[in-house]
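If you're matching them up, the sequences are chains A and B in order.
Heads up: the first sequence is residues 1 to 906, going by my numbering.
Heads up: the second sequence is residues 1 to 124, going by my numbering.
Rather than coming from a laboratory, the hints here were simulated on the basis of the structure.
The structure presented is a predicted model; accordingly, all values stated were derived computationally and were not measured.
Note that the Cβ used here is the ideal one computed from N, Cα and C, for glycine as well.
The reader is advised that the hints may include incorrect statements.
Heads up, simulated SDA-like pairs for lysine to any residue below, C-alpha to C-alpha not over 20 Å straight-line [to be verified]:
| id | chain 1 | residue 1 | chain 2 | residue 2 |
| --- | --- | --- | --- | --- |
| 1 | B | K85 | A | D706 |
| 2 | A | K808 | B | P57 |
| 3 | B | K23 | B | K93 |
| 4 | B | K23 | A | S684 |
| 5 | A | K678 | A | I741 |
| 6 | A | K773 | A | K808 |
| 7 | B | K23 | A | I741 |
| 8 | B | K93 | A | I741 |
Not close to chain B: a few residues of chain A, all C-beta gaps over 10 Å, as computed [as the list claims (entries may be wrong)]:
| id | residue |
| --- | --- |
| 9 | D37 |
| 10 | A527 |
| 11 | R584 |
| 12 | E688 |
| 13 | T694 |
| 14 | S695 |
| 15 | A698 |
| 16 | I720 |
| 17 | E724 |
| 18 | L731 |
| 19 | D764 |
Not everything, but these chain B residues come out facing chain A in the computed CB check (under 10 Å) [said to hold, decoys possible]:
| id | residue |
| --- | --- |
| 20 | M1 |
| 21 | V12 |
| 22 | N13 |
| 23 | I16 |
| 24 | A40 |
| 25 | L43 |
| 26 | E67 |
| 27 | L82 |
| 28 | K85 |
| 29 | T104 |
| 30 | K105 |
| 31 | H110 |
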Amino acid sequence: MLSAGILFGVALLYLGLLFGVAYFGDRCAERGRSIADSPLVYSLSLAVYCTAWTYYGSVGRAASSGVGFLPVYLGPTLGMALAWLVLLRMVRISKAYRITSIADFIASRYGKSQLLGGAVSLIALVGTVPYIALQLKAVASSFNLLVANPDEHLGLLSDTALYTALLLALFSILFGTRHLDATERHEGMVTAIAFESIVKLCAFLAVGLYVTFVMYDGFGDIFSRVDGRPELASLMRLGGDGAMGYGSWFALTLLSMLSVIFLPRQFQMTVVENVNERHLRRAAWLFPAYLLLINLFVLPIALGGLLYFGDSGVDPDTFVLTLPLAGHLDALALLVFVGGLSAATGMVIVESIAVSTMVCNDLVMPLLLRRRGWAQGAGTDLSRLPLQIRRWSIAGILLLGYLYYRLAGEAYALVSIGLISFAAVAQFAPAMLGGMFWRGGSRSGALAGLAAGFAIWIYCLLLPSFAKSGWLGSDFLEFGPLAIGLLRPEQFLGLEGLDPISHALFWSLFFNIGCYLLFSFIFPPGAREASQASMYVDVMSRDPNSLAVFWRPGVGVGQLLPLVTRFLGAERAVAAFEAYARRRGVSKVEELAADADLVHFSETLLAGAIGGASAHVVVSSAVEAEPLGLDEVMDILDEASQVRAYSHQLEEKSRALEAATGELRAANERLKELDRLKDDFMSSVTHELRTPLTSIRAFSEMLRDDPRIELEQRRRFLGIIVAETERLTRLVNQVLDLAKIESGHAEWHNAEVDMVEVIRNAVDATGQLFAGKGISVDVSLPEQVSPLWADRDRLIQVMMNLLSNAAKFVGKSGGHVRVGLTESVGESLTVEVADNGPGILTNEQATVFEKFRQVGDMRAKPAGTGLGLPISRQIVEHFGGRMWVESVPGEGATFYFRLPLARSGG
Amino acid sequence: MTKKILIADDEVNIVISLEFLMKREGFEVVIASDGEEAIAKILEEKPDLVLLDVMMPRKTGFEVCQEVRSNPELQDLKILMLTAKGRDTEVAKGMALGADEYMTKPFSTHELVERVKGLLGLAA
Numbered sequence: 001m002l003s004a005g006i007l008f009g010v011a012l013l014y015l016g017l018l019f020g021v022a023y024f025g026d027r028c029a030e031r032g033r034s035i036a037d038s039p040l041v042y043s044l045s046l047a048v049y050c051t052a053w054t055y056y057g058s059v060g061r062a063a064s065s066g067v068g069f070l071p072v073y074l075g076p077t078l079g080m081a082l083a084w085l086v087l088l089r090m091v092r093i094s095k096a097y098r099i100t101s102i103a104d105f106i107a108s109r110y111g112k113s114q115l116l117g118g119a120v121s122l123i124a125l126v127g128t129v130p131y132i133a134l135q136l137k138a139v140a141s142s143f144n145l146l147v148a149n150p151d152e153h154l155g156l157l158s159d160t161a162l163y164t165a166l167l168l169a170l171f172s173i174l175f176g177t178r179h180l181d182a183t184e185r186h187e188g189m190v191t192a193i194a195f196e197s198i199v200k201l202c203a204f205l206a207v208g209l210y211v212t213f214v215m216y217d218g219f220g221d222i223f224s225r226v227d228g229r230p231e232l233a234s235l236m237r238l239g240g241d242g243a244m245g246y247g248s249w250f251a252l253t254l255l256s257m258l259s260v261i262f263l264p265r266q267f268q269m270t271v272v273e274n275v276n277e278r279h280l281r282r283a284a285w286l287f288p289a290y291l292l293l294i295n296l297f298v299l300p301i302a303l304g305g306l307l308y309f310g311d312s313g314v315d316p317d318t319f320v321l322t323l324p325l326a327g328h329l330d331a332l333a334l335l336v337f338v339g340g341l342s343a344a345t346g347m348v349i350v351e352s353i354a355v356s357t358m359v360c361n362d363l364v365m366p367l368l369l370r371r372r373g374w375a376q377g378a379g380t381d382l383s384r385l386p387l388q389i390r391r392w393s394i395a396g397i398l399l400l401g402y403l404y405y406r407l408a409g410e411a412y413a414l415v416s417i418g419l420i421s422f423a424a425v426a427q428f429a430p431a432m433l434g435g436m437f438w439r440g441g442s443r444s445g446a447l448a449g450l451a452a453g454f455a456i457w458i459y460c461l462l463l464p465s466f467a468k469s470g471w472l473g474s475d476f477l478e479f480g481p482l483a484i485g486l487l488r489p490e491q492f493l494g495l496e497g498l499d500p501i502s503h504a505l506f507w508s509l510f511f512n513i514g515c516y517l518l519f520s521f522i523f524p525p526g527a528r529e530a531s532q533a534s535m536y537v538d539v540m541s542r543d544p545n546s547l548a549v550f551w552r553p554g555v556g557v558g559q560l561l562p563l564v565t566r567f568l569g570a571e572r573a574v575a576a577f578e579a580y581a582r583r584r585g586v587s588k589v590e591e592l593a594a595d596a597d598l599v600h601f602s603e604t605l606l607a608g609a610i611g612g613a614s615a616h617v618v619v620s621s622a623v624e625a626e627p628l629g630l631d632e633v634m635d636i637l638d639e640a641s642q643v644r645a646y647s648h649q650l651e652e653k654s655r656a657l658e659a660a661t662g663e664l665r666a667a668n669e670r671l672k673e674l675d676r677l678k679d680d681f682m683s684s685v686t687h688e689l690r691t692p693l694t695s696i697r698a699f700s701e702m703l704r705d706d707p708r709i710e711l712e713q714r715r716r717f718l719g720i721i722v723a724e725t726e727r728l729t730r731l732v733n734q735v736l737d738l739a740k741i742e743s744g745h746a747e748w749h750n751a752e753v754d755m756v757e758v759i760r761n762a763v764d765a766t767g768q769l770f771a772g773k774g775i776s777v778d779v780s781l782p783e784q785v786s787p788l789w790a791d792r793d794r795l796i797q798v799m800m801n802l803l804s805n806a807a808k809f810v811g812k813s814g815g816h817v818r819v820g821l822t823e824s825v826g827e828s829l830t831v832e833v834a835d836n837g838p839g840i841l842t843n844e845q846a847t848v849f850e851k852f853r854q855v856g857d858m859r860a861k862p863a864g865t866g867l868g869l870p871i872s873r874q875i876v877e878h879f880g881g882r883m884w885v886e887s888v889p890g891e892g893a894t895f896y897f898r899l900p901l902a903r904s905g906g
Numbered sequence: 001m002t003k004k005i006l007i008a009d010d011e012v013n014i015v016i017s018l019e020f021l022m023k024r025e026g027f028e029v030v031i032a033s034d035g036e037e038a039i040a041k042i043l044e045e046k047p048d049l050v051l052l053d054v055m056m057p058r059k060t061g062f063e064v065c066q067e068v069r070s071n072p073e074l075q076d077l078k079i080l081m082l083t084a085k086g087r088d089t090e091v092a093k094g095m096a097l098g099a100d101e102y103m104t105k106p107f108s109t110h111e112l113v114e115r116v117k118g119l120l121g122l123a124a
């Protein structure tokens, strides 16, 4: 037996030693010879996973369920091996975006949501406080066990747990909150934790060796003795039901696998304190090796204790202490006590630092920031505020732990809290893993999943543990609330046959994952979330320094530097900005461009001090002159996506405008072309008018001026004048006619027309013309053809034009003109007028239908206006027909026109 | 010595009126009814002056004018262009190609006779 004084002295000495190690670690880091920058130290620091609860408890668990203690260690081993890449991803994300805690990690992923950060912090706090209470209890009870006379404590120190709590708080504050920037690593603390991991391992190995090889004769001896005791032999087998069924094995393995990743203290050590990504690779086997060593003697000690004490009522949880005591090895017992104290200390320090960061950044700061204008308040230096909040949080958390210990005492709620805490942090898994690998995970989904999982956790684990402690009536446990059997917390929805932990883990993860997926699908990520999501999901492939997608223009060093200064202090802020300016290749801080990168840099800098979500609110507030609410931030983001949609519309409009411009240009070209054609036409008309006018004027003047002109000559001149006047009249008429037809103002007197009659009429009218030139006309017409629907006079005009043209071109002797009509039944009538004149050259056949284009040998220029054929063709086309010419030069020309028959009933 | 004048125009009635006018003034008259004939007559008959219509078949008055001016032997030939197209560009084109005078149809017979006499150095 030891005296309380010695024990207390040793405890203090040990804590002093830890302090010294931590101080040494910090000093080395300051001198640039980092101790923490080593895979071994890193791996040892991860062993903060092994707390006083497992230090004492795994022997107890082995004593009651044999190999059933293994999953708590098997999980982390599997976790490190399987989830190595997940951890690497977490480390990289956290370094890139200066993540300070698990709450920060989740909040940043889902659009820097303060609500989410707060929720995660709250869950972590609720899960942590009882766990800390458990550590205090372990220290206190081991202390009481070793003291010779428990009633004769040092008067002043009668409450061991309280003083342990205060001491640990002091230690945590000293080493956890020396620096403002929570992303700055606590190298001294890491060194101390690595040291304490060695101490607890050595202590445990020492007692293991003692029990196995001193008390007994090695492993074989112990196991052969157990074989002789049937009630113990069952401990060596797997299987069975209830507490140690396969289901429980699986659940516990999964649970501890998740907790080694998501416990706040594990996140702190694995992710935040990581110096070098490569250390993680080494830790993936070093840490499991540590776990193997510390578990090597668990079963021998448990079995040895059971063999030694039998049914004497000694608590198996205390075997590591009671066995040395039984052998009167006080020194060994003291070493074991120090090991336990060490395990408790490590856990409490890291856990309280981790949780205090969350409490500060995700619970307290957001509340303070909510006060309008607080962040802008002139002159107030806030640089020490986050530190103060964190320190008070540590003290608060430890006192809460102590309070819980006092209230719970020996109750079930405390004893079982280890695994219950694990189950609480396991709720982070869907939001964390989903956030790292699935872009579709949204803030709503994460919130809903966490809320559902946490609610199930409270209902299926926490409340029952309260009931079992006697704080609540246990009726609802046995019969369900309002006697609804399906709602029994430990047989929820009728699921029976699982131990409470596995049962609660199943349902909480079921609802957590379900809600996460469901709500992510119903409320998909907004623009900001999507940008954060891609930063997380693509972290392995993207440049970690690349920009956040969103920023507000117009914010420069002028606004950002003072803001950062108020949270970080002038010296640090200016130094950081100067370093940043050098990186950007700018000589002065003032010359830094006000761009997205600068905003991003400032926000990241602030995030290290007050967390991502708070930093975002503060930076936003600087831009908008007053703090932005989440809703306002979301509004801005919605606006951004609207702007994007709008600019898309603009693009489309501009394309449409380009197309319209093209059409206008084409139309303009067409108009120019028409204008030119009109000019040509006017010029041609003018020419055609001036020609007869010239003759008329010349002859008139000559007749007027010269009285000596003979009568015969006068008569001839007057005849010319009359003929030219007629020509002029004809021309004017035809120009007007053509203009009317072309502009659509011509009058059409449509009726049923007999084409045979039209042709006869036209031939008769031009008969004189042919007879005068001695031209023979051969007309071959069918007796009857189907009627046309057309203007009879117009068709006569066309026929007369073709006939007079033929008369003009056919030579005087041997001239011959043939007129024909054929019907294509039910479709059309085709008229042909053939002559044996000079014909038309192939290249001129198309131009004969153009205005004023008289072609051919013009030696004896035919008296025409040059408008007859164009008008004829216009008329034929008006009736839906077409007109064309076929000719072999030298052999004559044949003009055709085809008109569609009147449609029946048309 | 009697001056010889070539009338080149495809409009029969205009040729008749011009022939009458020129003969009355005592000039010898030669006639061509298209551009190619005009060239041939110029080379063959060596007229002193051409009354040259612009819009003629086979060769326009402009082409005839150009050919005449590119022939060194014909430098003394006076050219009076007559055109029914009264646009300024036509006038400028005719003058640029070497026409001595340019008149728009319909013309005053008095003025035409004056111009012809002027070009031939026969003051009225």
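Hint check:
Pair hint K85/B plus D706/A does not hold up; C-alpha atoms about 29 Å apart against a cutoff of 20 Å. A C-alpha spacing of about 17 Å is found between K808/A and P57/B, which places the hinted pair at or below 20 Å, so the restraint holds. Of the supplied pair hints, the one linking K23/B and K93/B is violated, its CA atoms being roughly 30 Å apart against a limit of 20 Å. Taking the CA atoms of K23/B and S684/A, the gap is about 31 Å. The hint is violated against a cut of 20 Å.
A hinted pair counts as satisfied when its Cα atoms are at most 20 Å apart, and K678/A with I741/A qualifies at roughly 15 Å. For the suggested pair K773/A and K808/A, the alpha carbons sit about 9 Å apart, so the restraint of at most 20 Å is met. Using a Cα cut-off of 20 Å, the hinted pair K23/B and I741/A is violated, with the two alpha carbons roughly 46 Å apart. The hinted pair formed by K93/B and I741/A fails the criterion: a straight-line CA distance of about 35 Å is larger than 20 Å.
At roughly 93 Å from the closest C-beta of chain B, the C-beta of D37/A stays outside 10 Å, upholding its exclusion from the interface. Taking the minimum C-beta to C-beta distance to chain B, about 66 Å, the non-interface status of A527/A holds against the 10 Å cut. No beta-carbon of chain B comes within 10 Å of the beta-carbon of R584/A; the shortest separation is about 68 Å. In this structure E688/A is not separated from chain B by more than 10 Å, as the shortest Cβ-Cβ distance comes to only about 8 Å.
Distance check for T694/A against chain B: the nearest CB is about 4 Å away, which does not clear 10 Å, and the non-interface claim fails. Distance check on S695/A: its Cβ comes as close as 4 Å (rounded) to a Cβ of chain B, failing to clear the 10 Å threshold; non-interface status is violated. Not every CB of chain B is more than 10 Å from the CB of A698/A (nearest about 4 Å), against its label as outside the interface. With a least CB separation of 5 Å from chain B, I720/A falls inside the 10 Å interface cut-off, contrary to its annotation.
Consistency note on E724/A: stated as away from chain B, yet its beta-carbon is not over 10 Å from all of that chain's, at 6 Å minimum. Separation of L731/A from chain B is adequate, the least Cβ-Cβ distance of about 12 Å exceeding the 10 Å criterion. A cut-off of 10 Å between C-beta atoms confirms that D764/A is not in contact with chain B; the least separation is 29 Å. Because the beta carbon of M1/B sits about 25 Å from the nearest beta carbon in chain A, more than 10 Å, this interface hint is broken.
Taking 10 Å as the C-beta contact cut-off toward chain A, the hint placing V12/B at the interface holds, the least distance being around 7 Å. This hint holds: N13/B has a C-beta 4 Å from the nearest C-beta of chain A, less than the 10 Å allowed. Annotation: interface hint on I16/B holds; nearest CB of chain A at approximately 7 Å, less than 10 Å. Below 10 Å, beta-carbon pairs count as interface contacts, and A40/B has none with chain A, the closest being about 13 Å; its hint is therefore violated.
This hint is violated: L43/B has a C-beta 19 Å from the nearest C-beta of chain A, more than the 10 Å allowed. Nearest Cβ of chain A to the Cβ of E67/B: about 19 Å, over the 10 Å cut. The hint is violated. Satisfaction of the interface hint for L82/B is found here, the shortest Cβ-Cβ separation to chain A being roughly 8 Å, below the 10 Å cut-off. For K85/B, the suggested interface contact is upheld, since its CB lies about 5 Å from the closest CB of chain A, less than 10 Å.
Because the closest C-beta pair between T104/B and chain A is about 8 Å apart, less than 10 Å, the hint holds. The restraint placing K105/B at the interface with chain A holds, with a minimum CB-CB distance near 4 Å, inside the 10 Å limit. A distance limit of 10 Å between C-beta atoms decides the matter here; for H110/B the minimum to chain A is near 7 Å, and the interface restraint holds.
Going down the numbered hints, you'll see the structure goes against 1, 3, 4, 7, 8, 12, 13, 14, 15, 16, 17, 20, 24, 25, 26, while the others check out.
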